[in-house]
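Work out the full structure: start from the sequences and follow the hints.
Chain residues, written in single-letter form:
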Amino acid sequence: MKEAIEKTKIVHIALAGNPNTGKSTIFNALTGAHQHVGNWPGVTVEKKVGDFHYKNKEFEITDLPGTYGLTAYSIDERIARDFLIESKPDVTVIVMDSTNLERNLYLAISVLELGRKIVLDLNMNDIAEHKGIKIDTEKIGKILNCPVVKTDAFHKIGLEELKAAILKATTFSSSQKELEFFVDYSEDVEIEISKIEKMLKSESIYPKRFLATRLLEGDPEIVHYLRQTSREFVVEEAMHVGRHLEKNFGYDMETWMIERRYNFIRGLLKESVKREKRSIKLNTSDKIDRVLTNKFLGIPIFLAVMWATFEITFSVGGWFANYIDAFFGWFAEVVTAGMDVIQAPMWLISFLTNGLIAGVGTVLVFLPNIMILFLAIAILEDSGYMARAAFVMDKLMHAIGLHGKSFIPMIIGFGCNVPAIMSTRTLSSEKDRILTILINPFMSCSARLPIYILFTSIFFKSNQGTIVFSLYFLGIAVAILSAKILKPIFFKHETAPLIMELPPYRLPTVKTSLIHTWERASAFLKKAGTVIVAGVVLVWFLASFPISTEYASQQTLIGHLGMFLAPIFKPAGFGFWQAAVALFFGVIAKETVVGTMGTLFGGESKLATILPQYFAPLSAYSFMIMSLLYIPCIARV
Amino acid sequence: MTPLTYVKNGEIVEVIKLTGGKYFVDKLTNIGIYPGTKLRIVSDGEYGPMIIAVGETRIGLGRGMAQKILVRLAESTSEVKQ
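Protein chains in written order, with our numbering: chain G, 1 to 637; chain U, 638 to 719.
Treat each hint with caution, since some may be false.
[Claimed, not checked] Here are the computed lysine-lysine pairs in the DSBU-like style, where the Cα-Cα straight-line distance is at most 30 Å:
{"no.": "1", "chain 1": "G", "residue 1": "Lys-163", "chain 2": "G", "residue 2": "Lys-47"}
{"no.": "2", "chain 1": "U", "residue 1": "Lys-675", "chain 2": "G", "residue 2": "Lys-431"}
{"no.": "3", "chain 1": "U", "residue 1": "Lys-654", "chain 2": "G", "residue 2": "Lys-487"}
{"no.": "4", "chain 1": "U", "residue 1": "Lys-675", "chain 2": "G", "residue 2": "Lys-247"}
{"no.": "5", "chain 1": "G", "residue 1": "Lys-131", "chain 2": "U", "residue 2": "Lys-675"}
{"no.": "6", "chain 1": "G", "residue 1": "Lys-287", "chain 2": "U", "residue 2": "Lys-659"}
{"no.": "7", "chain 1": "G", "residue 1": "Lys-270", "chain 2": "G", "residue 2": "Lys-131"}
Just so you know, these hints were derived from the structure itself, not from any lab.
In C-alpha cells, the structure reads:
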C-alpha cells in the first residue's frame with residue numbers, strides 16, 4: 001500500500017459490500033457522471049471506476065462486485081479478493097446494510113484480515129432507525145480501528161461525512177506494515193497460527209496471519225499459491241495440524257474458524273447495537289411472499305404477470321409507434337424534396353431514403369415497444385418480484401437440470417442475450433453457467449421483438465399480445481428441451497443447490513426504473529446506430545446494383561442471393577427471395593431483419609399493404625418461429 | 638434436532654449444525670446461517686423451496702439445502718436474532 005501512495009497523489013479506493021446494500025447508489029452519489037465501465041480482466045464481469053475530488057485531493061474509486069465474503073468459491077469473490085491483494089487500494093469502503101450488520105460485518109472482518117484499511121459505511125440507516133435499531137458507530141470504530149459513518153445514500157444523506165471518513169482513513173496506521181487487527185481463534189489455534197506464520201518466512205503479497213488462517217481453513221487458492229511459491233511443506237504441516245485440531249474440536253476447521261469470526265462479531269454487536277423489542281409478526285413482505293410463492297398459485301401468477309407485461313407492451317407501444325412511423329415517412333419526403341432542390345444525384349437520394357431512412361426508421365418504430373418492455377422488466381426487478389420468479393421456477397428448472405437462479409439470465413435474455421450471458425456469473429457452478437449460456441439464445445431477445453411486432457400487427461391484429469406471448473413461450477419450451485438433451489451429453493453432474501437472498505418488496509421509484517430502462521434501451525439504440533446502419537447500407541448496395549436494374553428487384557445482386565437461398569425456406573411456407581434475404585442478414589443482428597424488409601419493400605409504412613400479398617397468417621407465424629430459433633446474432637457469438 | 642425441512646410456518650428455530658461439504662458450509666455462513674443463528678420460517682414451502690428469515694433478510698432455500706441444516710425449536714416467544 002505504501003508504493004501506491006508514493007506512485008501518484010491519487011487516493012485509490014475500493015468499494016466493497018454485500019449485494020443489496022445500496023453499493024451502486026453510493027458509487028453513483030460519490031462519482032456522479034465521472035465514471036467509466038469496463039470489464040475485469042479475463043471475465044465478463046462489469047468493472048466500474050469513477051473519481052471525485054474532496055479537499056483538493058483526487059480520489060479514484062473502483063466498484064467491486066457485490067460479495068458476501070472473500071473466499072475462492074465464486075468469480076465475484078475471487079475478483080474482489082484479487083483486487084484487494086494485487087491493486088492494494090489505499091482505502092476500502094465497506095457498504096453495509098444497517099439492518100443486517102452481523103452478516104455484513106463478516107465481509108468487513110475478511111477485508112480487515114487481508115490487512116486493508118477500511119471505512120465502514122452503515123448504509124440504509126433510515127430503515128434501521130425506522131426498525132428501532134440503534135447503532136453506536138464510535139464503539140464499532142474503536143474496536144475495529146477504522147472510521148465508521150452512517151449514510152442514507154438513497155436520500156443523499158451522510159455523503160460528506162463519508163468522504164471525510166475516507167480521507168481520515170488514509171492517515172490510519174499507515175506506518176505499520178499490517179494492521180493491528182485480529183479475531184481470536186482460540187488458544188489452540190493461535191499457537192498453530194503463529195507457528196505457521198514463522199514457517200512462511202518472507203512474504204510480500206499477503207499478510208502472514210491471513211495466509212496462516214486461510215491455510216488452516218483449507219482455502220484452495222491459498223494452498224495453490226503456497227505450492228507455486230515452493231512452500232509445499234507449510235501446506236503439509238498446516239493440513240497435519242488441521243486434522244489434529246479437528247479431532248480435538250469434533251468438527252471441521254473451516255466451520256470452527258468461521259464460527260470464531262461470527263463470535264467476535266456477535267460480541268462486537270452486543271456492545272454497540274441496541275434493538276427495541278418488538279413483537280414478531282409477519283410483515284407485509286412476508287404475507288405477499290406466502291401468496292406469490294405458493295405452490296399452487298406461484299407459477300400461474302408468474303405466467304399472468306408475464307402475459308400482462310406483453311399485453312401492455314403492445315397496446316401502449318403500438319400507439320407511440322404510429323407517430324414515429326408517420327415521422328419517418330414525412331422525413332423521407334422532406335429529404336427527397338430537399339435533395340431535388342439541390343439536384344443531388346439519384347443514387348444519393350435513393351441511398352438516403354430507401355436505404356438509411358427506411359431501414360433505420362423501420363427499426364426505430366419499435367423503440368417504444370422495446371422501451372416499455374424494458375421498463376416492465378425494470379419494475380419487476382426493482383420491486384423484488386424477479387427474485388421470487390426465480391424462486392418459484394426453481395422446481396421447474398430443477399426438472400430440466402438447472403436451478404432457479406438460471407432463470408434470471410433467461411428472463412434478462414428477453415431484453416438481450418448479451419447482458420443475459422453476463423448475468424450468468426452469479427451461478428456458482430461452471431457447468432450450470434455453460435448450460436445456461438447454451439440455451440439462452442432461444443429466449444426471444446428484444447432484437448426479435450420488432451419482427452414479431454411487425455408481423456403480428458399485420459396478420460394477427462386482434463390478439464397480438466397472445467401470439468407474441470406464445471412465441472416467447474415456445475422459445476422457453478425449446479430452451480428447456482435443449483437443456484434436457486444437452487445436459488446428459490455434456491454434463492453428468494448434479495445441479496448446485498438453490499440458495500438466494502430475496503430482497504424485500506418495495507415500490508420501485510420512477511427514477512431508478514427509468515435509469516435501468518434507459519441503460520438497456522441505449523444499448524439497443526447504440527446497436528441500431530452501428531450494426532443496423534451497416535447492415536442496411538449493405539442491403540441497399542446489393543439491392544441497387546447492377547445500376548441499370550430497378551431498385552430491389554429480382555435482377556439485382558440481392559435478388560440473386562435471395563433466389564439462391566429461397567428454396568431452403570420453401571418447406572417453412574415462405575419460399576420467396578425477400579424473406580430469405582431478410583433472414584440471411586438477421587445472422588448479423590436480428591434487428592436487421594425488419595430493417596432489411598423495410599429497405600426491400602420501400603419503407604415500413606408500405607409493409608402493411610405489401611406483406612399480406614406474400615404471407616398468409618400461417619406462414620407469417622412460421623417466419624416468426626424461424627426468426628426465433630435459427631442462428632443467434634453475431635454479437636452474441 | 639431435526640432437519641429444517643420439518644419446521645412449519647412461523648416457527649422459530651436455532652441452527653445446531655450444518656451437515657454438508659465445504660462449499661455448502663461456506664455458502665451458508667457467508668449469507669449468515671451457522672450454528673447459533675435463529676431462523677424464522679416465513680414459508681415452509683411444503684414440497685417446494687422454503688423462505689426463511691434471518692433477522693431482516695429473507696432467504697430462499699432449496700429443500701436439498703434445508704435438509705442439511707439441523708435445527709432445534711427455539712422458544713416461540715424469543716426474538717429473532719439480529
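Original post:
Is Lys-675(U) within 30 Å of Lys-247(G), Cα to Cα?
Top reply: 27 Å, holds
Original post:
Lys-287(G) and Lys-659(U): Cα distance at most 30 Å?
Top reply: 34 Å, violated
**OP:** For the pair we were handed, Lys-675(U) and Lys-431(G), check the Cα-Cα distance against 30 Å.
**Re:** Violated: Lys-675(U) and Lys-431(G) sit about 33 Å apart, past 30 Å.
Original post:
Regarding the pair Lys-131(G) and Lys-675(U), is the alpha-carbon distance no greater than 30 Å?
Top reply: Distance of about 18 Å is within 30 Å: holds.
Original post:
Is the hinted pair Lys-270(G) and Lys-131(G) satisfied, with a Cα-Cα distance of at most 30 Å?
Top reply: 17 Å, holds
**OP:** Quickly compare the C-alpha distance for Lys-654(U) and Lys-487(G) to 30 Å and report which way the hint goes.
**Re:** Distance ~33 Å between Lys-654(U) and Lys-487(G) Cα, so the pair is violated.
Subject >> Given pair status - Lys-47(G), Lys-163(G), alpha carbons within 30 Å >> reply: Given that 30 Å is the threshold and the Cα spacing comes to 22 Å, the pair holds.
Comparing the model with each numbered hint stated earlier shows that hints 2, 3 and 6 do not hold.
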